[in-house]
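Construct the entire structure; sequences and hints are all you get.
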Amino acid sequence: MPENQINILKVTNLSKSFGGIKALDNISFGLEKGEVHALMGENGAGKSTFMKILMGLIQSDSGEVIFEGEKLAKTSVNEMLKKGISMIHQEMLNVPELTAAQNIFLGQETKNNFWLNESKTNNKAKQLFDALELSFKPTLKIKHLSIAEQQMVEIAKAISNDAKVIIMDEPTSALSEIEVATLFKIINKLKSIGVAIIYISHKLEEVFTIADRITVLRDGTHITTQKTEDFNRNNLIMSMVGREIKDLFSENEVFIKSGEPIFSVNNFTKRGKFSDINFEIWPGEVFGFAGLMGAGRTEIARAIFGLDTFDAGEIKINGEKVSKHSPQEAIKNNIVYISEDRKTEGFIPELTVNENISLSSMANISKNGFIQKGKEAEQSNKMVIDLKIKATSHQKLKNLSGGNQQKVLIGKALLTNPKVIILDEPTRGIDVAAKFEIYRLIKELKAKGLAVILLSSELPEIIGLCDRVMVISKGKNTIILPKKEVNQEKIMHYAVS
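Read in the working numbering, the sequence shown has 132 at position 131, and its numbers run on one by one without any break.
If you're looking for bench data, these hints aren't it; they were derived computationally from the structure. Be careful, since some hints might not be right.
Pairwise CB distance ranges, derived in the manner of DEER restraints [unchecked claim]: (1) I372 to P328: 16 to 26 angstroms; (2) D277 to D131: 26 to 36 angstroms; (3) L360 to K325: 17 to 27 angstroms; (4) D277 to A448: 25 to 35 angstroms; (5) P328 to N267: 14 to 24 angstroms; (6) K112 to I372: 47 to 57 angstroms; (7) Q329 to L117: 43 to 53 angstroms; (8) F115 to K491: 49 to 59 angstroms.
Once the Cα atoms are required to be at most 20 angstroms apart in a straight line, the calculated EDC-like pairs of lysine to aspartate or glutamate come out as [claimed, not checked]: (9) K11 to D213; (10) K271 to D312; (11) K138 to E119; (12) K11 to E69; (13) K477 to E315; (14) K397 to E379; (15) K397 to D342; (16) K186 to E134; (17) K34 to D163; (18) K391 to E351; (19) K138 to E150; (20) K127 to E110; (21) K84 to E69; (22) K165 to E69; (23) K75 to E65; (24) K125 to D163; (25) K23 to D220; (26) K325 to E315.
Even glycine gets a Cβ: it sits at the ideal position worked out from N, Cα and C.
Have a look at this one:
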């Protein structure tokens, strides 16, 4: 942050209530030119409400927002964009049928008279992609891009608006270590020309790396604002959750193979995606998939579960080859998969907690084609209690926090009595306290003898939770590392091989 600070954004005594419940209570906040200011807090702390007010999506009940010395009255999103405030949303707002370039310049298209100039649009997008060091083509449709690639399109879109303030809401949730490093280079370039950034993330390591100052919100109130150097991991967590959380990755007992592997894949291949993947897992083992964006981790997981086809190779459960290939057969064979994209592929937002938990186990609660509501409630309520889901069984899932939504998906999976559970980015977009709960659940699954396949872009999770790690590069498994050899340097070395 520059020595001679110039205030660009100031918020004083901001309050907002919904139905008598205060989401924000007299929040004050300052942002300087060329500063990265991290906004931290658990889900429900008020961060989203605060950002929506700054972007003109909703209006505050009281308080002031002053931008470049001008007090802002009721504003709209378009007005805020014109003033120079842009936002990268955690939930991506791309149009699937349009190309990456078209999405970036949506509403600010280059035209020749009445006609769109696609060539100029594509060239401008290519310049942005070059600056962001993106390898995919801007002419590809969004629906053909991975979650991580879509996230980078959102970042390019924000940069294209010549913003003076950029709000980044979980911008790295789908990015690998190398993509994060690239983003941080871009952030530092933006800082050098005076662009201010409000950075929202649940990844503490990132915040300590990139932020100049940190503001903590809890239960809609301002707890503290300090220079990043004045925080450490423990007092930052305490500020966010109001209590101390120790040992996110407490030492596991050394895993010892016993008996035969419960699950294996041999010469697993899908042309253009991955080839000759070989590994096996024992009961009670957490087996990690590590690699860069586009390495093929999710593609392998989806093919194992039957969501996608594969061209060669075989899957074995307890030594027996799995002959049929579909999600329904995978579940019958005691394999479950929890997608990285939980809101699109994991649950039905308008259904209740009960109804979502029961989706994969209808056979257990149905009779003569009708759902037995008593049985559904009984099994779902047990999962709500066992997994410490903070919700009533009749709440719609769209109204739950990301952490509680994730626990509902795990509950849904556990009702199928799996032997192998594949968790694809299970802590994406959830706060530190909810992460702790997910880590606890993974350890409990391990203790019960389940085999867990963990896909994560967060290396601390891979290192802290896994007994062995398969590093994937360009669709091939370059090495399988035992626990004692798993560290960040080795993973990154083999990830770029």
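Hint check:
1. Taking the beta carbon of each, I372 and P328 are about 20 angstroms apart, inside 16 to 26 angstroms as hinted.
2. Between D277 and D131 the beta carbon distance is about 33 angstroms. The supplied range of 26 to 36 angstroms therefore holds.
3. Between L360 and K325 the C-beta distance comes to about 21 angstroms, which sits within the given range of 17 to 27 angstroms.
4. A hinted range of 25 to 35 angstroms holds for the C-beta pair D277 and A448, which are about 33 angstroms apart.
5. For the pair P328 and N267, the beta carbons lie near 21 angstroms from each other, so the given range of 14 to 24 angstroms is met.
6. For K112 and I372, the Cβ-Cβ distance of about 54 angstroms falls inside the hinted range of 47 to 57 angstroms, so the restraint holds.
7. Here the CB-CB span from Q329 to L117 is close to 44 angstroms, well matched to the stated 43 to 53 angstroms.
8. The given range of 49 to 59 angstroms is respected by F115 and K491, whose C-beta atoms sit roughly 57 angstroms from each other.
9. For the hint linking K11 to D213, the alpha-carbon distance of about 17 angstroms falls within 20 angstroms, and the restraint holds.
10. Straight-line distance between C-alpha atoms of K271 and D312 comes to about 5 angstroms, which keeps the hinted pair within the 20 angstroms bound.
11. Using a Cα cut-off of 20 angstroms, the hinted pair K138 and E119 holds, with the two alpha carbons roughly 14 angstroms apart.
12. Of the supplied pair hints, the one linking K11 and E69 holds, its CA atoms being roughly 9 angstroms apart against a limit of 20 angstroms.
13. Taking the CA atoms of K477 and E315, the gap is about 16 angstroms. The hint holds against a cut of 20 angstroms.
14. Of the supplied pair hints, the one linking K397 and E379 holds, its CA atoms being roughly 18 angstroms apart against a limit of 20 angstroms.
15. Proximity of K397 to D342 is assessed by CA-CA distance (about 18 angstroms); at most 20 angstroms being required, the pair is judged to hold.
16. Distance check on the hinted pair: K186 and E134 sit about 10 angstroms apart at the alpha-carbon level, within 20 angstroms; holds.
17. Note on K34 and D163: the hinted pairing holds, with a Cα-Cα distance of about 14 angstroms set against a maximum of 20 angstroms.
18. Taking the CA atoms of K391 and E351, the gap is near 18 angstroms; set against the 20 angstroms cutoff, the hint holds.
19. For a cut-off of 20 angstroms, the pair hint linking K138 to E150 stands: about 10 angstroms separates their Cα positions.
20. Restraint check for K127 and E110: satisfied, since their Cα atoms lie roughly 15 angstroms apart, inside the 20 angstroms limit.
21. Under the criterion of a C-alpha separation no larger than 20 angstroms, the hint pairing K84 with E69 is consistent with the structure, at around 9 angstroms.
22. A distance of roughly 10 angstroms separates the Cα atoms of K165 and E69; the hinted pair therefore holds under the 20 angstroms criterion.
23. Among the hinted pairs, K75 with E65 is consistent with the structure: their alpha-carbon atoms are about 11 angstroms apart, no more than 20 angstroms.
24. A hinted pair counts as satisfied when its Cα atoms are at most 20 angstroms apart, and K125 with D163 qualifies at roughly 13 angstroms.
25. Between K23 and D220 the alpha-carbon distance is near 9 angstroms, which keeps this suggested pair within the 20 angstroms criterion.
26. Note on K325 and E315: the hinted pairing holds, with a Cα-Cα distance of about 11 angstroms set against a maximum of 20 angstroms.
Hint check: no violations occur; every hint is consistent with the structure.
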